[in-house]
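Colleague: Below, each chain spelled out in residue letters.
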Amino acid sequence: MLELEKLSDEVEKMARGAYELRQESGELLDDLLQKLEAHATAWSKIDACLRTAVRDLDPKLKWYRSARPLDAREPLNAAIDPKPVPAQANLIASDGSQILPSRHGAYLYSVINIGIIIYYHGRGCAPFQTTYPVIDYPNGDKEADDFVDDAAIVNIRRDLAEIETLVARAQELTEEDLPVLALLDQRLLYWPVGSGSNDEGRRVLLGWQQAMQRARDCGCLLAGYIDRPGKRSVITMLQTLDIHKVGFEPDSLLRPAGGSALTDVQLFRHILKEPGQRSKVFVDISQQNEQFSAYDADNEVCFFYLNPGAAGRQLARVDIPMWVAQDPALVDLVHSLVHNQCQIMGGYPYVLTRADELAVVGARDRESLEMMIATAMERYGFYGSVTSKQSGKNVARAGRTRHTGVHGR
Amino acid sequence: MTSPIPLPATPAGNGQSASPNGDEFGRVLRASTTGFAVGSRVAQLEAPSFGCMVKAQPVDEREAIYGLIYDMNIDDDPLIRRLILAENPRQSVIEDQRRNRLVPIEMSVLTIGYRRNGQFHHGLPPRPPLNLDPVQLCTDQEETIRFTDRPDYLRLILRTVGGQVPVDQLLVAHILQTYEKRGNDAAWARRTIAALVELLRNDYDLLTVVLELLSQALPGLPEVAELAL
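Line by line, the protein sequences give chains E and D.
Converting from the first sequence to this note's numbering requires adding 220 to each position, the first position being numbered 1.
Converting from the second sequence to this note's numbering requires adding 545 to each position, the first position being numbered 1.
Hints in this document: simulated from the structure, not taken from any laboratory.
Only a predicted model underlies this, so the values are computations on that prediction, with no experimental measurement involved.
Incorrect hints may appear among the rest.
To be verified - Partial list, derived from the structure: chain E residues whose beta carbon lies under 7 angstroms from chain D:
1. G344
2. C345
3. A346
4. P347
5. Q349
6. I564
7. M565
8. G566
All residues carry an ideal CB built from backbone N, CA and C; glycine is no exception.
Okay, chain D solo, but in the shape it has when bound (with noise of 0.2 angstroms):
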């Protein structure tokens, strides 16, 4: 028998605590060249939300991967089923069941470009992440200006009309926190949305719904209402 491995202090210590780098939300757990799953930690779920920018931030001199949170997975099993059938589940036993038992909660990026020696590239990268490259929020405003300046890997989003991915959804969320993120910039939303419309001249029935999402999501900008109608 190996020796024992000392008890936590307290009942709080469950190895649950946040990660050093506050922006880092959790890591890679497989990897495509179009895209990755992130796993992360009950812990950790606050931050990351449906259409945020997120790279993956390798710790060698690989490209940083930088992508679109597009789905958040959390499974179940025969354990769980079991405990939704008891009537109000303790707290304790919720607590155990997501801090020590549902993990990783699973996340789908989108991958819509990359890095390498400091310059953003708007395409797929050379190679995907590996499996557990740290994967951190792009909450930096000066990379988040820099990376969206121009649109052009909004192209990479709209090549996955018709799978998996909710383009319509991911674009409005996409766009609206951008949008606050680089300080209510409304010209980068208008060039934006433009180059949207030319993207999307082929697409009509996408084109038009996205627009409404939009006018809906950003009342200070009229004329994104006027294309809408």
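One chain only, chain E, in its complex shape (with noise of 0.2 angstroms):
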């Protein structure tokens, strides 16, 4: 129960701070408009501030993140326009969701269930649907407790079947002689958080940067579209080029300009003012991007801005690894079935959305599951029960009743 009233106070204080932050970051945001124009084409200068700023932070070097333009074929500020959108092609998306273990239910498991769709664009027929269930559970050769502390690495283990089953499906599209995109609902640059220096976290980003040279040998268009990014990669790169200027602190590069209000986003809505608009290409600058581009360098990931279309909405931004970057033809299939696919829902991919309801376990779903577990579990003689805590929630959450009537005249 939230009582709303309790909160109004500090409701106003939020906003009166979200107002003043913009105040502040306005002037800022001009400043770097007004440097992008400048140094629209000004590719030495940029490659040599990036190289002075990689040396200096050098031992701090992690926290830095920056952006670089991918070629000099498009400048800085470019709005560009989709192509035309290819006759026929095959999108698949997938998305994933998971029940972690809890301590206070009857039984002890987890579940990562991953959604499919493929959808035959140009053709118009009904899209392919299906999901990947999976149970995991103390079989042994684990403790109970161990099992339980384990919750987050059922999360990147979703990460991970995510990219793992959309390529292995991909791949047997590339059977036919179309072009073959497949959508991720997160970055493609992944980094298992929390568990990027134990075994499970390494294993999952192995598979990772493997699963995209999978996507890359069968030639299947691999994508990460990210909806309201916080990347401030370009904003940093801007603020790099003044890394020369007498006095300038290179230090300043590791924290985000003008707080945490101005990212990337809020620069290229200024740009990319139409539809369907895409900025140019960039790569990513940072640390987790040498770890891939070291595994392959085709795995090397690459970004671009891309106005999805949908008015008052913010702009989203699509991750491709490098090959795809390097081949300007590709970037434009991949920038035109992106946004042919936001037009569907008015800017949003429509296959994403779909993947999202079909990976989704609902509370329905979950008390489905628990039922089989129970009934399998008694045949054998177990029987568990939720602890005291969970009961008394269950039954507080459990809502209320209406009666319906009695029906008749």
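Hints are included, so try docking the two chains, each in its own frame, into the full complex.
Modeller: Put into structure tokens, the structure is as follows:
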């Protein structure tokens, strides 16, 4: 139960703070836009400044997140319209959801569910859809306590399952002589947050990079779609252009410009004004991307910003691997197909909406699964019960029922 | 990760094939003694219509339960509402909504009798059908003739007056369909309408509406028009 009136003062404060921050960052944004215009084709200077930043920040380089222009083909401030969409193509999207293990449940288990949808662009037929649910449980080689503590691992395994399943299904589609675009609902430059240094984190990261390689090997265009991205890499790149000025502190590049409110999206919102327009392609500069590149140069992650076409909505970011980014025709293909998908729903790819719908495990699904588990366990003489804590929660959250009346005249 | 399911050979393969039983158009979603709801896929929607006589036909020895379709529901959701706002939804998206998402289409059936040991009974069944029992259209002429020969089942329709069932429209649709299915059986139509007049003698408003509608639907039976006057 949330007593809203107790929050009203804080909500007012929050809105006022956001307004003040916008006023402050407005001036900085104007400066950045001017800098973008002034350096639209200053490729040598950009390259030199980025090299200096990498050299000067060496011990702290892991915190430096910037971007560099992929090539000199288009200026920094380019707004590129989508090319005509191909007559036919196959689009495939995946998404995942999970049930985390609960110490308070009747039985200890976790579930990962991956939803897949294949959209046959240009053919007018219904998409193909399917799901891949997997259940995990303590099975003798793992103590129950460890299983519960591994909850974070379920999330990164779900991420890996999303891309592995996506690429496996996409490989089958490439047998047809049509472009195949495999779309993920997350960044391509994956990093297992909190697990990057442990064995499972390394295994997931390796699996992710291998999946990217398989997509390339079968000629499947891979892209990650990020709605409302918070990246500030291009802004950092523009700030880096001052690195040779007297008195410039390189460490300032490690802090977000204008506070956390200013992102690349605000910058490109002034450039990508028409629906469907994309930015120039940039290469992500980060230690994570260096690792991706070191594993396979084609895995290095690039990105462009996209106006998905909905009035009043944020821009999106589209991540693509280097082998796609380096071929202008493939970038055009990804651009036009993603934009075409966004037109269906008015601002977000239709296939991603449907993949999410397929993947999500609702409360009713969970209840049914727990009933199935309980029935199976009872056949073998196991009778689980929820803890008192969970029982109390279930009762209090159960909701009310309505008397539906007596029928008849 | 489980081993992947093979993809369909062609884009058309969406598991939406018609039922192996030509008359089956759906399965029981939920039921009570007085009626049941049927879930149906879009691909099965062509045959059933308002007023159709159907039967829940259990695969075991339980009773077959007969009823009339009196309502069909096609629900929306937020995604449908969003797509409605888009101009000219694409055919593939429409097919996706109809074949993959909008299942089941729900039909409401009013129970009008049952069959046990080969005998038809015009009363409420001893037990309702179970979830997922197949539901078939009653297309067999002999079965229709036998079930509708006596008009007693009309009482089960009339007892719903004032409820959710559009009784006047349902009676007209049923009588018209059955008249045709019985081979334009005018004698049956006269008997049934006479029975209706008797059963509705205390509900003149409903009777008048039903007779007016029937006189328009059955112009070959002038006596119905005379009754309506």
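Colleague: For each hint, tell me whether it holds in the structure or not.
Modeller: We went through each hint and held it up to the structure:
1. G344: Holds, about 4 angstroms.
2. C345: holds, 5 angstroms
3. A346: Since the shortest Cβ distance to chain D is 4 angstroms, the answer is holds.
4. P347: holds, 5 angstroms
5. Q349: Because about 5 angstroms separates Q349(E) from the closest Cβ in chain D, which is inside the 7 angstroms limit, the hint holds.
6. I564: holds, 6 angstroms
7. M565: holds, 6 angstroms
8. G566: holds, 6 angstroms
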